[in-house]
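**Q** Listed below are the residues making up each chain.
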Amino acid sequence: MSALVLIELHGAEISANSRAAVTAATQLSDTVDALVLTNDAANASAVAAIRGINTVKVIADAALEHVSAGIASKLIAGVMSDYQYLVAGSATYSKNIVPVVGALLDAQPISDVCEVKSANTFTRPLYAGNIMATVESSDEKILLTVRATSFDHAEDGGSATIEELSVDVPESNSTFISLQESQSERPELTTADRIVSGGRGLGSKENFALIEQLADKLDAAVGASRAAVDAGFISNDYQVGQTGKVVAPKLYMAIGISGAIQHLAGMKDSQVIVVINNDSDAPMARMADLVWNTDLFGAVQELIDNA
Amino acid sequence: MKIIIPIKRVLDPYTQARVNKQTQLVDLTNAKMAMNPFCEIAVEEALKLKESGAASETIVISIGTDKTVDTLRTALAMGVDRAIFIKTEGDLDLQPLHLGKILALIIKREEAGLVIMGKQAVDNDNNQTGQIISGLLDYSLGTFISKFSLSDDAQSIEVSREIDSGIEIRKLNLPAVVTVDLRLNEPRYASLPNIMKARSKPLETVELSSLDIDVTPRVKVISVVESGTKDRAAKQVSSAKELLEELTQMGVL
Numbered sequence: 001m002s003a004l005v006l007i008e009l010h011g012a013e014i015s016a017n018s019r020a021a022v023t024a025a026t027q028l029s030d031t032v033d034a035l036v037l038t039n040d041a042a043n044a045s046a047v048a049a050i051r052g053i054n055t056v057k058v059i060a061d062a063a064l065e066h067v068s069a070g071i072a073s074k075l076i077a078g079v080m081s082d083y084q085y086l087v088a089g090s091a092t093y094s095k096n097i098v099p100v101v102g103a104l105l106d107a108q109p110i111s112d113v114c115e116v117k118s119a120n121t122f123t124r125p126l127y128a129g130n131i132m133a134t135v136e137s138s139d140e141k142i143l144l145t146v147r148a149t150s151f152d153h154a155e156d157g158g159s160a161t162i163e164e165l166s167v168d169v170p171e172s173n174s175t176f177i178s179l180q181e182s183q184s185e186r187p188e189l190t191t192a193d194r195i196v197s198g199g200r201g202l203g204s205k206e207n208f209a210l211i212e213q214l215a216d217k218l219d220a221a222v223g224a225s226r227a228a229v230d231a232g233f234i235s236n237d238y239q240v241g242q243t244g245k246v247v248a249p250k251l252y253m254a255i256g257i258s259g260a261i262q263h264l265a266g267m268k269d270s271q272v273i274v275v276i277n278n279d280s281d282a283p284m285a286r287m288a289d290l291v292w293n294t295d296l297f298g299a300v301q302e303l304i305d306n307a
Numbered sequence: 001m002k003i004i005i006p007i008k009r010v011l012d013p014y015t016q017a018r019v020n021k022q023t024q025l026v027d028l029t030n031a032k033m034a035m036n037p038f039c040e041i042a043v044e045e046a047l048k049l050k051e052s053g054a055a056s057e058t059i060v061i062s063i064g065t066d067k068t069v070d071t072l073r074t075a076l077a078m079g080v081d082r083a084i085f086i087k088t089e090g091d092l093d094l095q096p097l098h099l100g101k102i103l104a105l106i107i108k109r110e111e112a113g114l115v116i117m118g119k120q121a122v123d124n125d126n127n128q129t130g131q132i133i134s135g136l137l138d139y140s141l142g143t144f145i146s147k148f149s150l151s152d153d154a155q156s157i158e159v160s161r162e163i164d165s166g167i168e169i170r171k172l173n174l175p176a177v178v179t180v181d182l183r184l185n186e187p188r189y190a191s192l193p194n195i196m197k198a199r200s201k202p203l204e205t206v207e208l209s210s211l212d213i214d215v216t217p218r219v220k221v222i223s224v225v226e227s228g229t230k231d232r233a234a235k236q237v238s239s240a241k242e243l244l245e246e247l248t249q250m251g252v253l
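Here the protein sequences line up with chains A and B, keeping their order. For reference, each letter of the first sequence is one residue, going 1 to 307 in the numbering used here. For reference, each letter of the second sequence is one residue, going 1 to 253 in the numbering used here.
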């Protein structure tokens, strides 16, 4: 039986988590199709270039640019009659929609899959990643969101067929008003090779700017602990951890972060972890490959000057 | 307008989850339990709406064994008007689809105009139940909200959703389900007089078996392991130059 991958688009750009979903889907089925909900059918051509996809099914309608979960799920459920699997990359886009599809198809979705063990057996984290569970689904249709850090990102090089579906888009009971996009010239947090992340130890929004300066010097993305977000140093979309983003960069620099388990859940798979802190007892240090116990501000300034 | 707040009792989030080697499940015997932090935020938001006069009644629901009543009483002590306790025989592995069906049934029975709940429970981290309820009832949905306001005509709400690319603002027609994110508000503590008062607030018990909902697990947990965090052998450095050299040698700069 075949698998359908729900693709998340930002304009014509394919979200990295969708590429991870394609890889997971190819582990489940020989026939992998993609579904694109978009305001512009031309956006499908980029998706057709992803290696591993057979057919790209496109539903294009002006109403789908900022689609509600209610509408998206009805459209997806309609397409799912031909498929056994629905696979999406774990992200706020899919987390908003996939469970609603589950309600419509009477299927129990599986969130944040880290490994495909067999056709119906998967691993996924519980308790902020402190527990890894192996779970087996007995559903006829299996709905999965997969961790982008756990699967390779399918690359371009394919040439899938594009099939535009003509479907009536139902009336929505919610209306999009606006999107305040985070403007950043820096690499995207979930796909960056390097991340400089700051915590409550920085003390103020003004001091947090040092983290941003260092990130720019190292061509890194900026991250933050929940404590830093709660304290108002930076907005929530920079949060790394259980309730924020999950990252696995080559380099993770944790500066002024104490290391609550909820934060570790979001970054423990990083290749090299550097901890800079003035508190040598903080649990974060146990996670580190390199530790620099020192005055934070002096250290960050010294790094900016020398990098 | 009635507001329903489904809440969950979970392992205290500051406690490390441990696996019981015999049962191959997370061991909750004698563990410190607490209301899921996102549920506290949901309760707070419902109370604010009641205090502003926008809500006529706030109703908290939870599903589980007798101990779940403690969590419901906590919500009553925070100020919620009444509680509905869905009682299970023993610890069942209830999954979001089951929870959604049970809650949807009660939400319909109560004719609630608004459902406010946490975006996820910090034990299973599914982030699904609110979405499933909206799908089952065809209510409008606002997930991961950090701002909330009711329209003047009380027919719709405007929410700010914290999504990966920034903040999305949507208008939701009522009835609606919203799931709350961390920054929506700062939950209040229950005062001692309110804790006393909560004891006499109405708490209705409904046997799960009386609801005629199939709760056979769809997704079976086969095994669990503590993945935790591996301690790494940290090397101390003492200057920016030394650190940058190390990182260059490791090939990450």
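One or more of the hints may lead you astray.
No farther apart than 16 angstroms at their CA atoms in a straight line, the calculated lysine to aspartate or glutamate pairs in the EDC-like style are these [what the hints assert, rightly or not]:
id, chain 1, residue 1, chain 2, residue 2
1, A, 250, B, 246
2, A, 205, A, 171
3, B, 230, A, 269
4, A, 74, B, 207
5, B, 147, A, 61
6, A, 74, A, 61
7, B, 230, A, 139
8, B, 220, A, 139
9, B, 241, A, 230
10, B, 2, B, 57
11, B, 87, B, 212
12, B, 235, A, 140
13, B, 101, A, 106
14, A, 250, A, 289
15, B, 220, A, 305
16, A, 217, A, 305
17, A, 217, A, 302
18, B, 171, A, 171
19, B, 147, A, 302
20, B, 241, A, 302
21, B, 235, A, 171
22, B, 101, B, 207
23, B, 220, A, 302
Think of the hints as simulated: they come from the structure by calculation, not from any bench.
**Q** Against each hint, give a clear statement of whether it holds in the structure.
**A** These are the hints, each one checked on the structure:
1. A threshold of 16 angstroms between alpha carbons decides the hint, and for residue 250/A with residue 246/B the separation of about 14 angstroms falls inside it, so the pair holds.
2. A C-alpha spacing of about 43 angstroms is found between residue 205/A and residue 171/A, which places the hinted pair above 16 angstroms, so the restraint is violated.
3. As the CA atoms of residue 230/B and residue 269/A are separated by approximately 10 angstroms, the hinted pair is consistent with the 16 angstroms bound.
4. For the hint pairing residue 74/A with residue 207/B, the CA-to-CA distance comes to about 33 angstroms; that exceeds 16 angstroms, so the pair is violated.
5. This hinted pair does not check out: residue 147/B and residue 61/A have alpha carbons roughly 29 angstroms apart, beyond 16 angstroms.
6. Our distance criterion of 16 angstroms between C-alpha atoms is met by residue 74/A and residue 61/A, whose separation comes to about 14 angstroms.
7. Among the hinted pairs, residue 230/B with residue 139/A is inconsistent with the structure: their alpha-carbon atoms are about 34 angstroms apart, more than 16 angstroms.
8. Between residue 220/B and residue 139/A, the direct Cα distance comes to roughly 11 angstroms. Compliance with the 16 angstroms bound is thereby established for this hinted pair.
9. Using a Cα cut-off of 16 angstroms, the hinted pair residue 241/B and residue 230/A is violated, with the two alpha carbons roughly 33 angstroms apart.
10. With a CA separation close to 5 angstroms, the supplied pair residue 2/B and residue 57/B stays within the 16 angstroms bound.
11. Proximity of residue 87/B to residue 212/B is assessed by CA-CA distance (about 13 angstroms); at most 16 angstroms being required, the pair is judged to hold.
12. With a C-alpha separation of about 51 angstroms, the suggested pair residue 235/B and residue 140/A falls outside the 16 angstroms cut-off, and the hint is violated.
13. With a CA separation close to 10 angstroms, the supplied pair residue 101/B and residue 106/A stays within the 16 angstroms bound.
14. Proximity of residue 250/A to residue 289/A is assessed by CA-CA distance (about 12 angstroms); at most 16 angstroms being required, the pair is judged to hold.
15. In summary, the hint linking residue 220/B to residue 305/A is not supported, as the alpha carbons are separated by about 54 angstroms, beyond the 16 angstroms threshold.
16. Taking the CA atoms of residue 217/A and residue 305/A, the gap is about 9 angstroms. The hint holds against a cut of 16 angstroms.
17. A hinted pair counts as satisfied when its Cα atoms are at most 16 angstroms apart, and residue 217/A with residue 302/A qualifies at roughly 12 angstroms.
18. With a C-alpha separation of about 14 angstroms, the suggested pairing of residue 171/B with residue 171/A holds against the 16 angstroms cut-off.
19. At roughly 39 angstroms between alpha-carbon atoms, residue 147/B and residue 302/A are farther apart than 16 angstroms, so this suggested pair is violated.
20. Our distance criterion of 16 angstroms between C-alpha atoms is met by residue 241/B and residue 302/A, whose separation comes to about 8 angstroms.
21. Our distance criterion of 16 angstroms between C-alpha atoms is broken by residue 235/B and residue 171/A, whose separation comes to about 59 angstroms.
22. Annotation: proposed proximity of residue 101/B to residue 207/B holds, straight-line Cα distance about 15 angstroms (limit 16 angstroms).
23. Between residue 220/B and residue 302/A the CA atoms are separated by roughly 52 angstroms; this puts the pair beyond 16 angstroms, and the hint is violated.
In this structure, the earlier hints numbered 2, 4, 5, 7, 9, 12, 15, 19, 21, 23 are contradicted, and the remaining ones agree with it.
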